[in-house]
Amino acid sequence: MSDHLDTSLPLEYQSEQSRLNIFGFWIFLGAEIALFATLFATYFVLSGMTAGGPSQLDLFKEKDVMIETILLLVSSFTCGLAIFSMRNHNKNAMLAWFIITLLLGAGFIYFELHEFIDYVHEGATMQTSAFLSGFFVLLGTHGAHVTLGILWGILLIIQVVRNGLNPVTSRKFFIISLYWHFLDVVWIFIFTFVYLGGLIQ
Amino acid sequence: MIWTCPIINTKGWEENRLKLDEFFVTGEPIIYVTEAGIALAMIGILFYLTYFKKWKWLWNNWLTTVDHKKIGVMYILVAVLMLFRGGVDALMMRAQLTAPNLKLLDANHYDGIFTTHGTIMILFMAMPFLMGLINIAVPLQIGARDVAYPMLNAFSFWTFAAGCALFNISFIIGGSPTAGWTSYFPLAGTEFSPGVGNNYYAVALQIAGIGTLITGINFLVTILKMRTKGMTMMKMPMFVWSVLIMCIIIIFAFPVLTVALALMTFDRLAGTHFFTMAGGGMPMLWSNLFWIWGHPEVYIVLLPSLGIYSEIISTFAKKRLFGYKSMVFSMLAIALFSYFTWVHHFFTMGNTAAVNSFFSISTMLIAIPTGVKLFNWIFTIHKGKVKLTSAMLWSLAFIPNFLIGGVTGVMLAMAAADYQYHNSYFLIAHFHYTLIPGVAFACFAGLHYWYPKMFGHMLNEKLGKITFWFWMVGFNVCFLPQFVLGLKGMTRRMYTYQEGLGWDNLNMVSTVGGVLMGIGFLVLVWNIAYSIRHGERDVTGDPWDGRTLEWATPTPIPPYNFAVAPVAEEIDAYWNMKQKKTPLYKKVDVKPIHMPNNTGMPFVAAVGFGLGGFGLVFSWWWLAIVGLIIVLGCLAWRSFDPDKGHHIPVKEILETEEAARGEVV
Chain E
1 MSDHLDTSLP
11 LEYQSEQSRL
21 NIFGFWIFLG
31 AEIALFATLF
41 ATYFVLSGMT
51 AGGPSQLDLF
61 KEKDVMIETI
71 LLLVSSFTCG
81 LAIFSMRNHN
91 KNAMLAWFII
101 TLLLGAGFIY
111 FELHEFIDYV
121 HEGATMQTSA
131 FLSGFFVLLG
141 THGAHVTLGI
151 LWGILLIIQV
161 VRNGLNPVTS
171 RKFFIISLYW
181 HFLDVVWIFI
191 FTFVYLGGLI
201 Q
Chain P
1 MIWTCPIINT
11 KGWEENRLKL
21 DEFFVTGEPI
31 IYVTEAGIAL
41 AMIGILFYLT
51 YFKKWKWLWN
61 NWLTTVDHKK
71 IGVMYILVAV
81 LMLFRGGVDA
91 LMMRAQLTAP
101 NLKLLDANHY
111 DGIFTTHGTI
121 MILFMAMPFL
131 MGLINIAVPL
141 QIGARDVAYP
151 MLNAFSFWTF
161 AAGCALFNIS
171 FIIGGSPTAG
181 WTSYFPLAGT
191 EFSPGVGNNY
201 YAVALQIAGI
211 GTLITGINFL
221 VTILKMRTKG
231 MTMMKMPMFV
241 WSVLIMCIII
251 IFAFPVLTVA
261 LALMTFDRLA
271 GTHFFTMAGG
281 GMPMLWSNLF
291 WIWGHPEVYI
301 VLLPSLGIYS
311 EIISTFAKKR
321 LFGYKSMVFS
331 MLAIALFSYF
341 TWVHHFFTMG
351 NTAAVNSFFS
361 ISTMLIAIPT
371 GVKLFNWIFT
381 IHKGKVKLTS
391 AMLWSLAFIP
401 NFLIGGVTGV
411 MLAMAAADYQ
421 YHNSYFLIAH
431 FHYTLIPGVA
441 FACFAGLHYW
451 YPKMFGHMLN
461 EKLGKITFWF
471 WMVGFNVCFL
481 PQFVLGLKGM
491 TRRMYTYQEG
501 LGWDNLNMVS
511 TVGGVLMGIG
521 FLVLVWNIAY
531 SIRHGERDVT
541 GDPWDGRTLE
551 WATPTPIPPY
561 NFAVAPVAEE
571 IDAYWNMKQK
581 KTPLYKKVDV
591 KPIHMPNNTG
601 MPFVAAVGFG
611 LGGFGLVFSW
621 WWLAIVGLII
631 VLGCLAWRSF
641 DPDKGHHIPV
651 KEILETEEAA
661 RGEVV
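Sequence lines, in order, name chains E and P.
Everything in the first sequence is counted per the numbering used here, starting at 1 for the first residue and increasing by one.
Everything in the second sequence is counted per the numbering used here, starting at 1 for the first residue and increasing by one.
Simulated from the structure, these hints should not be mistaken for laboratory data.
Glycine residues also receive a C-beta, built at the ideal position from the N, C-alpha and C atoms.
One or more hints might be untrue.
List time: in silico DMTMM-like cross-link candidates among lysine to aspartate or glutamate, alpha-carbon distance up to 25 Å [to be verified]:
id, chain 1, residue 1, chain 2, residue 2
1, P, K383, P, D542
2, P, K586, P, E569
3, P, K225, E, D58
4, P, K644, E, D6
5, P, K229, E, D6
6, P, K591, E, E32
7, P, K591, E, E16
8, P, K225, E, E16
9, P, K229, E, E16
10, P, K225, E, D64
11, E, K91, P, D641
12, P, K56, P, E461
13, P, K385, P, D542
14, P, K235, E, E32
15, P, K225, P, E569
16, P, K225, P, D643
17, P, K385, P, E499
18, P, K644, E, E32
Residues on chain E that point at chain P, a partial pick, calculated with CB under 7 Å [stated by the list, open to error]:
id, residue
19, I22
20, G24
21, W26
22, L29
23, G30
24, L35
25, G123
26, S133
Turn these sequences into a full structure, and let the hints guide you.
This is the structure we're talking about:
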């Protein structure tokens with residue numbers, strides 16, 4: 001709670017409250033792991049329950065999924081570059097990389113929605129079968145997280161433009177970067193086990 | 001108005017929409033009377049606040065507070081109200097079952113009452129009661145100024161309060177959930193439970209659960225990072241240890257509930273097929289998810305209760321807690337095992353023998369660390385100078401009563417035998433023997449113990465002992481006969497029964513016990529009212545000759561808790577200071593203290609949660625979206641306007657301290 005700054009540490013770790021917040025966010029990610037683990041377990045239990053509707057092999061298209069994957073993985077890389085620039089106190093480079101990150105995220109959301117709409121046109125909705133209920137809710141939860149991350153990121157960009165890089169704004173950027181990388185890790189699991197696993201049945 | 005979305009097929013949502021004549025529950029005289037009572041109470045409160053010009057006081061001192069002590073008091077206030085609500089539900093059930101073929105309640109009303117009784121007692125009574133005591137005691141016991149995130153702490157409380165309010169209005173508006181507190185599918189699906197009752201269950205628990213998860217993170221960080229100088233992990237008070245472990249369980253168990261309730265909401269509102277019979281859904285999946293959360297949840301309420309007993313028994317036996325390390329390790333073991341026992345709630349649902357055997361053994365294993373703890377308490381009492389205060393009476397009564405619950409638990413853990421006990425009154429008696437002595441007694445004990453810290457005066461000891469004896473006797477009279485009823489074949493959730501089954505007398509006895517507990521509750525309420533005027537004032541800050549750091553603060557506790565962070569040298573840090581006559585702090589060490597400012601954001605966000613939740617329950621999508629926008633708006637507003645806090649100057653600290661303690665050296 002104190003105002004004392006420990007300037008031997010990176011900017012985002014300098015105040016006591018920042019250290020608490022970053023640590024707390026790691027714990028929150030622990031809870032998020034439990035949340036996604038439950039959604040994955042649900043999906044795997046239900047993934048064979050197509051109830052006469054389309055199966056993974058009928059629906060999934062490698063090309064769309066690869067585009068989404070590349071967009072999100074690259075966004076994680078640029079997010080890392082943004083934090084690297086932040087550590088170098090290079091505000092403009094950080095903002096540029098971060099804006100690219102969010103644009104890539106938005107591109108991911110665009111292609112994901114596109115994919116979902118395709119499925120719906122093929123008659124595969126949430127109500128079609130248990131498999132699709134599980135699929136849409138697992139991927140939808142991930143997509144909702146990415147969307148929320150984009151909105152959150154826009155707020156943080158406004159704050160840095162207004163207030164510059166200081167212990168508070170840098171801590172906020174560091175935390176959203178943790179969140180962004182986490183969503184990337186979740187996507188790697190979705191890509192591997194939902195899509196690739198679904199295609200090699 | 002229907003929200004259209006290309007991904008979700010909106011067919012079938014029409015049925016969920018409301019017809020206005022179904023909005024208020026009609027046709028039940030009991031509910032009319034309650035509605036009138038609630039309306040009168042609301043008018044009374046509004047009149048009081050307006051007439052005595054208390055609105056500003058309410059807003060500044062309570063609704064916007066971020067002080068952990070005040071948030072704790074608010075939690076306990078809600079918990080006592082919910083104890084009343086859940087208790088009335090219980091007495092109505094007992095009244096209906098007193099004699100065969102009674103028609104006080106019809107089957108549907110009875111279903112609603114046992115559902116709300118179970119849900120409220122666990123999630124809206126036991127949880128907030130413990131959260132309240134934790135909020136008050138834990139930051140003080142570790143010598144901290146507040147929790148790690150004071151604003152989030154208020155946010156937790158208000159989200160919880162929003163969920164609680166939403167759940168409680170169900171019996172007036174729209175109808176109560178009726179599928180039991182476990183809400184098993186397919187019964188809880190729209191096919192067998194049409195109407196909005198079960199939507200309330202899904203949405204209200206979801207909102208309250210968000211608050212609980214945040215509290216878990218908040219207190220975990222607080223305990224790990226904000227302990228005072230010298231207090232290593234193995235010097236923490238046992239209550240703090242129990243809360244630390246509870247937080248870990250919350251963090252990994254509550255997300256499972258979040259997902260389970262979200263899937264239930266999708267099934268009920270959007271026509272998905274997670275738990276349905278058709279479309280490839282699996283009703284058993286709900287049972288698994290529910291109990292993967294539900295069994296750890298039992299330990300989420302039990303562990304802090306065991307922590308409270310440890311504190312009280314040690315204080316009133318005037319001895320350091322026996323077997324500190326074994327207490328810690330047994331709690332860690334209980335926490336670990338708690339994740340591997342969930343299937344014992346449905347041994348009879350047709351698992352393979354191997355699965356049932358695994359969960360049978362893992363369940364029995366929990367008896368070992370629990371047994372270790374029971375022996376530790378007994379050895380703490382052994383050769384202690386025991387002082388029989390009412391807090392101590394509750395704690396002593398816990399040991400034998402909980403033992404009955406534990407031993408019958410091992411009986412139920414035997415999968416083969418469980419085919420006889422399952423869903424019978426034997427089970428009902430068993431879990432009431434664990435939860436009432438295990439948790440409810442701890443709440444009462446903790447309330448009596450920390451009451452002077454909260455309000456500056458004690459609860460009356462004589463009335464406290466009368467409450468205790470009514471409960472102690474009433475509880476056993478109520479639930480011992482139910483073991484026998486279960487063995488005689490009476491199953492849970494039946495709303496009436498025929499004559500000549502040999503159940504009549506035992507049910508009559510059981511109801512008498514329930515009434516005794518009800519009288520005990522009234523004595524407790526009278527005690528609280530009586531003590532406001534006549535309770536012994538505590539001027540020392542340490543009325544029980546306590547051992548842990550919360551007793552080192554003066555009464556009333558200043559907003560900043562400790563003028564200077566105390567140094568903990570040993571377990572029972574304050575006791576150690578008193579023995580060595582170490583002064584708490586020196587005047588020269590006092591520095592200005594940084595404090596967070598009050599904020600109305602958590603309260604406004606809770607209004608958003610409440611409105612949005614209500615919209616979801618009735619599928620009024622526009623209202624759900626308004627609620628969501630309010631909540632997100634609150635979060636964004638907070639992000640732009642971070643609290644700078646304020647400083648309390650040294651002069652003010654010294655004045656406060658001198659007023660409370662006399663001259664500071």
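So, going through the hints one by one against the coordinates:
1. P:K383 with P:D542: It holds: about 24 Å lies between the C-alpha atoms, which stays within 25 Å.
2. P:K586 with P:E569: OK: K586 of chain P and E569 of chain P at ~17 Å, within 25 Å.
3. P:K225 with E:D58: Outside the cut-off at roughly 52 Å; violated.
4. P:K644 with E:D6: holds, 18 Å
5. P:K229 with E:D6: holds, 19 Å
6. P:K591 with E:E32: violated, 40 Å
7. P:K591 with E:E16: holds, 17 Å
8. P:K225 with E:E16: Holds: K225 of chain P and E16 of chain E sit about 10 Å apart, inside 25 Å.
9. P:K229 with E:E16: holds, 15 Å
10. P:K225 with E:D64: violated, 45 Å
11. E:K91 with P:D641: Roughly 21 Å separates the two Cα atoms, so the pair holds.
12. P:K56 with P:E461: violated, 35 Å
13. P:K385 with P:D542: Given pair K385 of chain P, D542 of chain P holds - Cα atoms ~18 Å apart, limit 25 Å.
14. P:K235 with E:E32: Roughly 31 Å separates the two Cα atoms, so the pair is violated.
15. P:K225 with P:E569: Given pair K225 of chain P, E569 of chain P holds - Cα atoms ~18 Å apart, limit 25 Å.
16. P:K225 with P:D643: Distance ~21 Å between K225 of chain P and D643 of chain P Cα, so the pair holds.
17. P:K385 with P:E499: violated, 53 Å
18. P:K644 with E:E32: Judged against 25 Å, a Cα distance of about 29 Å means the pair is violated.
19. I22: With Cβ-Cβ at 10 Å, over 7 Å, it is violated.
20. G24: At about 5 Å, which falls below the 7 Å cut-off, the nearest Cβ of chain P leaves the hint on G24 of chain E intact, so it holds.
21. W26: violated, 9 Å
22. L29: violated, 10 Å
23. G30: Holds, about 6 Å.
24. L35: With a minimum Cβ separation of about 4 Å from chain P (threshold 7 Å), the hint on L35 of chain E holds.
25. G123: Status violated, d = 10 Å.
26. S133: Nearest chain P Cβ about 4 Å off; hint holds.
Checked against the numbered hints given earlier, this structure breaks hints 3, 6, 10, 12, 14, 17, 18, 19, 21, 22, 25; the rest are met.
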